[in-house]
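Build out the structure end to end from the sequences listed, making use of the hints.
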Amino acid sequence: MTAVRVRGIYTTALTRLLSEAGFDIVQASEPIRERFDDEFAVAPAAVAVETTRDRQGVGISGPPAAVEAVADELESLAIDTFRWESEVPEGALFDAEVLEAAGGSGAVVDLGDGRRGYLNYDDADGYVDSGDRYRLQVRDSTPPWTDDRPRVVSTREVRSGLCTLSRDRNGVSAALSGERANELVGMTDLLSTDVPDGWGLRWHHAAADADLEALGEALDRVVERAAALEDELADAPAESDAPSRLVAPRSTVWLWFGRRSRFALDEARRAVETTMPGHHRTKAADRAASSAVDFAEAVCATPAAAFGSEAESDSDVAAQFPFAAVAEQFGPLAGDRLEIGHGKPDGRLFSLGAGTVTEWDPEGKLTLERSMSAGGSYDALGTPKEDGDTAVTKFREGRWWYPTTYRADDGSTKGTYVNVCTPVELFPGTARYVDLYVDVIRPPEGNVEIVDEAELEAAVNDGLVSTALAEKARNVAEAVERALSK
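Mapped onto the UniProt record's numbering, the consecutive letters of the sequence shown carry residue numbers 1 to 486.
Errors might be hidden in some of the hints.
[Unchecked claim] Cβ-Cβ distance ranges computed for the label pairs, FRET-style: (1) T155 x S76: 32 to 40 Å; (2) Q329 x S76: 32 to 40 Å; (3) S76 x G186: 14 to 22 Å; (4) G186 x E75: 39 to 47 Å; (5) D37 x L484: 52 to 60 Å; (6) E478 x T367: 22 to 30 Å; (7) T390 x A175: 52 to 60 Å; (8) L176 x D129: 35 to 43 Å.
Hints listed in this document are in silico derivations from the structure and should not be mistaken for laboratory results. All of these numbers come straight from a predicted model, not from anything done at the bench. Quick reminder that beta carbons are idealized off the backbone N, C-alpha and C, glycines included.
Encoded structure:
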């Protein structure tokens with residue numbers, strides 16, 4: 001069985017799903033061990049599954065075949081689960097060139113083929129200047145929907161959940177203090193595998209609970225991986241003519257969870273622990289929401305199905321999501337500024353601008369108004385953008401579409417554009433969804449029509465949108481067209 005380590009707000013649900021699929025969950029936290037009443041092994045993990053910093057999804061890193069197996073299992077979670085493979089995976093090595101090294105705490109580096117990384121000055125050898133060449137390793141990959149660049153370092157290391165082998169260290173150390181740290185360092189001499197010359201070993205906190213067999217297995221694995229990495233680099237040129245990727249022994253896959261996906265994760269978690277409707281939707285909205293969710297679930301801990309106990313389907317539970325309570329505590333409310341986070345099926349995220357929430361309804365509806373600048377024309381509508389124009393957008397939590405009506409300074413309508421997308425989530429500062437290309441327009445003069453169907457078809461052919469999701473998008477567009485034509 002593939003050993004998997006899971007961390008973050010989706011851990012309970014993913015632990016259940018992956019365990020049932022035959023994966024071996026290791027290094028589980030104390031709450032997870034209590035919820036599952038299981039003795040999860042403290043053993044090396046082949047694959048790490050971690051919630052992204054913005055809590056929108058997870059990153060999966062490890063050997064390519066093992067990562068693919070985990071990603072295949074989780075990709076089928078719901079119709080609005082999206083998957084992308086990173087071109088800058090964790091552990092990959094690049095010959096890179098510094099592009100910008102003026103001020104700040106780090107430099108932007110060119111990794112080749114349009115890829116960029118971020119080199120912290122503290123992670124580089126010596127003074128960093130534009131044009132400098134380095135051989136760099138990816139320490140932290142980043143999801144495609146963020147503006148963050150992957151963090152790269154000038155050393156080489158091999159990490160696991162229990163220890164790290166690094167060219168930047170000497171000897172053996174532990175990331176904890178006291179007697180247990182001394183024990184770990186001392187026990188290293190008892191293991192059958194030696195730390196290779198030129199490398200240093202550091203035990204992680206998780207190693208404190210591991211037995212001698214697990215420690216030996218962890219050291220064996222990182223030593224084997226370090227040797228394989230050195231062998232691959234031996235075949236690489238001493239210096240590349242241009243920035244390029246040298247080796248990528250591991251892969252990183254990103255999964256973005258839409259609203260349907262989060263409610264599917266709720267269902268998986270509800271089979272193990274008390275779970276309120278919208279548990280993951282609420283926790284993804286705001287870090288401060290986690291404590292509030294935990295408190296609410298602790299109060300209603302008996303029976304375990306107290307939340308959503310009368311629901312007959314996933315959609316019934318989703319309908320019970322307490323939007324008003326969550327929004328009143330964390331936002332968005334009338335008067336707030338809200339950005340439109342326009343995701344694309346290839347993983348990119350664009351901002352369509354921010355506006356003011358002018359109307360708010362506890363059932364999950366709000367109106368957003370934005371001031372538009374002159375220049376060009378409104379997509380597909382063909383009407384010109386002029387100073388004084390206003391965009392009035394109507395959002396509803398969970399709906400597969402939203403309309404924007406453009407108005408001139410005198411109040412006349414310049415057309416309505418309906419975006420078809422994955423179910424909208426109204427987070428405190430951002431409305432999030434993934435655009436499904438096909439849209440519906442109603443010009444100020446002319447007939448209602450569906451546009452961009454060819455773009456949707458191309459996305460299906462490119463493997464960016466599933467057949468089922470494309471069919472849903474077309475059905476939504478046709479329903480909207482009929483409604484606007486009446």
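| When the hints from earlier in the document are held up against this structure, which numbers fail? | 3
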